Amino acid sequence: MSARKRTLLKVIILGDSGVGKTSLMNQYVNKKFTAQYKATIGADFLTKEVQVDDRLVTMQIWDTAGQERFQSLGVAFYRGADCCVLVYDVNVMRSFDNLENWREEFLIQASPHDPENFPFVVLGNKVDVDGGNSRVVSEKKAKAWCTAHGNIPYFETSAKEDYNVDAAFQCIAKNALKNETEEEIYLPDTIDVAQNRPTKSSACEC
Amino acid sequence: MGGGGGGGDNETYASMEEANAVDYSAPSRQQDSSYSVASTSAVQVEEELYKKERMTLLQENSVDSTRATDAQSSGVLDDYEVVYVKDNVSVHPTQNALGRISGRLRLIKQGPSLFMTWIPYSHGGLSRQGSNVVVKGGLRNRMGSRAAERDRNLYTIRAVSLSEMRSIRRHTPPFGWQYIIIVLTSGLAFPPLYFHNGGVKEFLATIRNHALLVRSAEDANVYLVNDIQDPLQRSLTSLELTEQPAQPASAPSQEAPWPVILKQEVPAAAENDVKREGSLKQDSRADSLRKRDHARDLSMNVLEKFSLVTKFARETTAQIFGESRMYLDGLDMDRGPAPRPPSDAEVLISGKEAQASFNKGEDSSSGLKSADEEVVDDNLSADDEGDDQAATNVGTFELVDGTQDDSPSLVWGRARPPPLGSEEWRSFLDSEGRVMDPKALRKRIFHGGIEPEVRHVVWKFLLGYFQFDSTYAEREYLIAKKKEEYEVLKAQWQTVSPEQAKRFAKYRERKHRVEKDVVRTDRTLPYYAGEGDDNANISVLRDILVTYSFYNFDLGYCQGMSDLLSPILYVVDNESEAFWCFAALMEHLAPNFHRDQNGMHSQLLALSKLVQLLDRPLHDYFKQVDCLNYFFCFRWILIQFKREFDYENVLKLWEVLWTNYLSEHFHLYMCVALLKRHRRRIMDEQMEFDTLLKFINELSGHINLESTLRDAEALCLHAGERGAGCIPPGTPPSIPDEEAGGWSD
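Which chain is which? The protein sequence lines are A and B, in order. The C-terminal position of the first sequence is numbered 206 in my numbering, with every residue numbered one higher than the one before it. The C-terminal position of the second sequence is numbered 951 in my numbering, with every residue numbered one higher than the one before it.
The set of hints was computed from the structure by calculation and includes no laboratory data. Because the structure is a prediction, the values reported are computed rather than measured. Just to be clear, a hint being listed does not mean it is correct.
[To be verified] Using 20 Å as the maximum straight-line C-alpha spacing, the simulated EDC-like pairs for lysine to aspartate or glutamate come out as follows:
1) B/K900 to B/E793
2) A/K178 to A/D97
3) B/K717 to A/D97
4) A/K38 to B/E737
5) B/K712 to A/D97
6) A/K32 to B/E904
7) B/K900 to A/D44
8) A/K32 to B/E737
9) A/K38 to B/D739
10) B/K712 to A/E68
11) B/K688 to B/D779
12) A/K143 to A/E68
13) A/K48 to B/E894
14) A/K178 to A/D53
15) B/K829 to B/E891
16) A/K160 to B/D739
17) A/K38 to B/D675
18) A/K48 to B/E904
19) B/K649 to B/E891
20) A/K48 to B/D896
21) B/K717 to A/D44
22) B/K696 to B/D760
23) A/K38 to B/E894
24) B/K708 to A/D97
25) B/K687 to B/D760
26) A/K38 to B/D852
27) A/K143 to A/E104
28) B/K900 to B/D890
[Unchecked claim] These stretches of chain B come out as covered by chain A in the derived footprint (C-beta under 8 Å, 3 or more residues):
29) 405-411
30) 640-654
[As the list claims (entries may be wrong)] Label-pair restraints from in silico Cβ distances:
31) A/Q51 to B/A411: 52 to 58 Å
32) B/S633 to A/D162: 44 to 50 Å
33) B/F710 to A/Q51: 48 to 54 Å
34) A/D166 to B/G404: 15 to 21 Å
35) B/A735 to A/M93: 29 to 35 Å
36) B/N910 to A/K141: 49 to 55 Å
37) A/T34 to B/Y733: 18 to 24 Å
38) B/A742 to A/D162: 30 to 36 Å
No residue lacks a Cβ here, since even glycine has one placed at the ideal position from N, Cα and C.
Construct the complete structure from the given sequences, taking the supplied hints into account.
Below, the structure is given as structure tokens:
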């Protein structure tokens, strides 16, 4: 493939309020964590240069308000996304239950051309809390959900302890890039895309 | 999830309402005899339709409005013809489904004219829905239904002629119903009309069959209406439309430095205000429609050019506001003892000249000048470039050119007066504690703010918790009574037992949401400092917010509310009083948090119109980069700039906003002022949606409040009624009526 014009990968982080979306983004991009974040109002993003295989790409990571009441704004923010990161708090069942809603909402609002194969990544955050004793969503349960939704890659993270954050975003970048590549192949002609399809493993192969 | 969701679709009604509705559009056509005759007969048509329909409906007893009425109702009736009917077209003044006002939209053809009416269904229909309401958990008090009744009257659209319409904008949100916004030539806009049963396309198609409807070249969702019969005018109007694409934002004419400079002594004429009024009123003549449309567009350019005309604008606009008394405390230095302001008309160029220069592709015009051409000679000419100062009888002032200079604040060579102190505050009160002149007080605070030591008292007035005309004793009583009331509300959720909570998901969810947010609200401030909930004030924040979410169960808790409450609690420093102050503020701002984001959308739309009025090139730029949704200003508006300034400045800003002194929507002028200030960078760096959002977000903490307030004030004064016309009625923080003015019985 020849040189691409576009090396900007747009990634959207979604999930209930307070699950740690802003913290994850800040930990990944700025290597910082603070307990003093404010609830995100509207939306914001950070960018980071990432190397994926032999390519240097810019990842634009969008952080949005977590209250579903603001979702009608999504249509403006989700447009052109290359990957969607769904975050829940392993200590809050409801945030896990809502993953389904977030996923659907994203697909409706972003309306990617190939929703079946649009890359999602799921992060179970706050595994550090209380030494894991307050956890209510098991890894098994989360993985089962991911498998059932087209083998979505799954990571357990702690933005506070910087646990698994880099690995998760590396995978996110890779999937976003893959999506972008597929799009480019997809658009001009009818080369088969199907072969890329069902072989994603539940963890990222990076 | 998301969207408008639920309700509305299955609304039923029993009979049509008696025709006693407010004629919403009356002011825009008062001077035109031929129109008012036509309109009157259209009203008669409407009334006759009422009668016929009431008869039919009585016979049918109860009618399911979802049935197709179109075929049955349309048809020739005497000398008029209903060419379009749509049921379940509604106005959504509030978030909850109950507040929606459903009605019937019609297009009526009479002779060569087409009229639109929208009549809400009768009260009987709504009270029938009462059962729905209770199921949904809404408690509707009598006050509420009176308000609903008033709303229905307020929103009724009776026989507005198509000739009074300027444009129809169609909105197709990804969720919820399609809706249209109709803007009148007067600049007024009707609130969005939601088509619950579809039919927008038909509606437009019907209009197109009877009138000239042109899709805007600038925005495919905007249809410009014009049914002017005169072929010459028609062609001119079309010409104007087609000229738009040929003049992109980057066209030389737009980019050229504005050469308009005020230079000469402008004579002060006693009849200035008369002249102004004349020009405002008389241009509703059909004859001037075309001219006015030109003038309107051009006036936007002129406003841009003149960007700000200091005292000049202040003086003239002071007249618009009908303000005769000056605040002469020696602080207001701009104002001489005997101000004799020149009229707006004198600043602007005559219509004739405007036309000429328009044709040359230059930017100069008169917005309001159709009636007084005689001022031509006194006017500036587009050739007078070079100077940057102009003298008037009220002194010398600078003209700031919005294109060349991004700092309109330069025109305000004055500092804001010092804040209102306790001694001065006492001077506003009579012996029993009543505020003698609320307007003067609001004006004083608008210009100077409040000293921290009296803030906690004065805020209660500004927010509407205290009435201005209450006495010390009455307020004492109010405080005690409201405290009791608060305790009762608070007990409602505090007495929920763990067993009950297990079965009460809504309660758990709300409490959880609030708790998530209060622990991350202003923790850097000593008052709220600490980790987790180890600070008593954080617990108070939580209690107030959870109580509020029970007090206003339909609205619940929404992110952003903790930001709005935090400064109130900090200033008032009393749980019950902070609650009631917050509740009073939410009377104005609740629509910001409505599920369908209606309140936010209407403010963003109004902002877009204001920018169009006050900075046309910037508007054109935003259009070009597809940013007219103004989502990048979302945070500014949602929480009144709470995240953009340090705490002390947030307090200063809010008390200014809450005075509602120049405008209830002063925050929108703040937005315009900030965008204008950075317009050069925005355009030079060709910011697009994402970069623009980032840029705006990062302005946080770097905004000079004082100068922004001055800019906003200047813009607001300069925009005057035209600015107000950009903001549809009911746009938050306005409350449609006065019912929430205070809390005393």
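Results of checking the hints against the structure:
Between B/K900 and B/E793, the direct Cα distance comes to roughly 31 Å. Violation of the 20 Å bound is thereby established for this hinted pair. Restraint check for A/K178 and A/D97: not satisfied, since their Cα atoms lie roughly 28 Å apart, outside the 20 Å limit. For the given pair, B/K717 sits about 18 Å from A/D97 by alpha-carbon distance, which is consistent with the 20 Å threshold. For a cut-off of 20 Å, the pair hint linking A/K38 to B/E737 stands: about 13 Å separates their Cα positions.
Note on B/K712 and A/D97: the hinted pairing holds, with a Cα-Cα distance of about 15 Å set against a maximum of 20 Å. Proposed proximity of A/K32 and B/E904 is supported: the alpha carbons are some 18 Å apart, at most 20 Å. Taking the CA atoms of B/K900 and A/D44, the gap is near 7 Å; set against the 20 Å cutoff, the hint holds. Among the hinted pairs, A/K32 with B/E737 is consistent with the structure: their alpha-carbon atoms are about 18 Å apart, no more than 20 Å.
Distance check on the hinted pair: A/K38 and B/D739 sit about 15 Å apart at the alpha-carbon level, within 20 Å; holds. With a CA separation close to 15 Å, the supplied pair B/K712 and A/E68 stays within the 20 Å bound. This hinted pair checks out: B/K688 and B/D779 have alpha carbons roughly 15 Å apart, not beyond 20 Å. Proximity of A/K143 to A/E68 is assessed by CA-CA distance (about 24 Å); at most 20 Å being required, the pair is judged violated.
The hinted pair formed by A/K48 and B/E894 meets the criterion: a straight-line CA distance of about 19 Å does not exceed 20 Å. Of the supplied pair hints, the one linking A/K178 and A/D53 holds, its CA atoms being roughly 11 Å apart against a limit of 20 Å. For the hint pairing B/K829 with B/E891, the CA-to-CA distance comes to about 16 Å; that is within 20 Å, so the pair holds. Between A/K160 and B/D739 the CA atoms are separated by roughly 19 Å; this keeps the pair inside 20 Å, and the hint holds.
Proximity of A/K38 to B/D675 is assessed by CA-CA distance (about 39 Å); at most 20 Å being required, the pair is judged violated. Using a Cα cut-off of 20 Å, the hinted pair A/K48 and B/E904 holds, with the two alpha carbons roughly 17 Å apart. Restraint check for B/K649 and B/E891: the C-alpha separation of about 39 Å exceeds 20 Å, so the hint is violated. Distance hint between A/K48 and B/D896 is fulfilled; the C-alpha atoms sit about 15 Å from each other, no more than 20 Å.
Restraint check: the Cα-Cα separation between B/K717 and A/D44 comes to about 26 Å, which exceeds 20 Å; the hinted pair is violated. Distance hint between B/K696 and B/D760 is fulfilled; the C-alpha atoms sit about 17 Å from each other, no more than 20 Å. The hinted pair formed by A/K38 and B/E894 fails the criterion: a straight-line CA distance of about 26 Å is larger than 20 Å. Among the hinted pairs, B/K708 with A/D97 is consistent with the structure: their alpha-carbon atoms are about 17 Å apart, no more than 20 Å.
Proximity of B/K687 to B/D760 is assessed by CA-CA distance (about 24 Å); at most 20 Å being required, the pair is judged violated. This hinted pair checks out: A/K38 and B/D852 have alpha carbons roughly 14 Å apart, not beyond 20 Å. Taken as a hint, the A/K143 and A/E104 pair is honoured in the structure, with Cα atoms around 18 Å apart against an allowance of 20 Å. For the proposed pair B/K900 and B/D890, the alpha carbon gap of about 16 Å is at most 20 Å, so the pair holds.
Residues of the region 405-411 of chain B lying with their CB closer than 8 Å to a CB of chain A number 0, which falls below the three-residue condition for coverage. For the region 640-654 of chain B, the proposed coverage by chain A is not satisfied: 0 residues have a C-beta within less than 8 Å of a C-beta in that chain, short of the threshold of three. For the pair A/Q51 and B/A411, the supplied restraint of 52 to 58 Å holds, since their beta-carbon distance comes to about 55 Å. At roughly 59 Å, the beta-carbon separation of B/S633 and A/D162 lies outside the given 44 to 50 Å, and the hint is violated.
Taking 48 to 54 Å as the suggested C-beta distance range, the pair B/F710 and A/Q51 conforms, at roughly 50 Å. In this structure, A/D166 and B/G404 break the distance hint of 15 to 21 Å, their C-beta atoms being roughly 50 Å apart. For the hinted restraint 29 to 35 Å between B/A735 and A/M93, the CB-CB distance of approximately 31 Å keeps it satisfied. The hinted window of 49 to 55 Å between B/N910 and A/K141 holds, with their beta carbons roughly 52 Å apart.
For A/T34 and B/Y733, the hinted distance range of 18 to 24 Å is satisfied, since their beta carbons lie about 19 Å from each other. Between B/A742 and A/D162 the Cβ separation comes to about 33 Å, which falls inside the hinted range of 30 to 36 Å.
Checked against the numbered hints given earlier, this structure breaks hints 1, 2, 12, 17, 19, 21, 23, 25, 29, 30, 32, 34; the rest are met.
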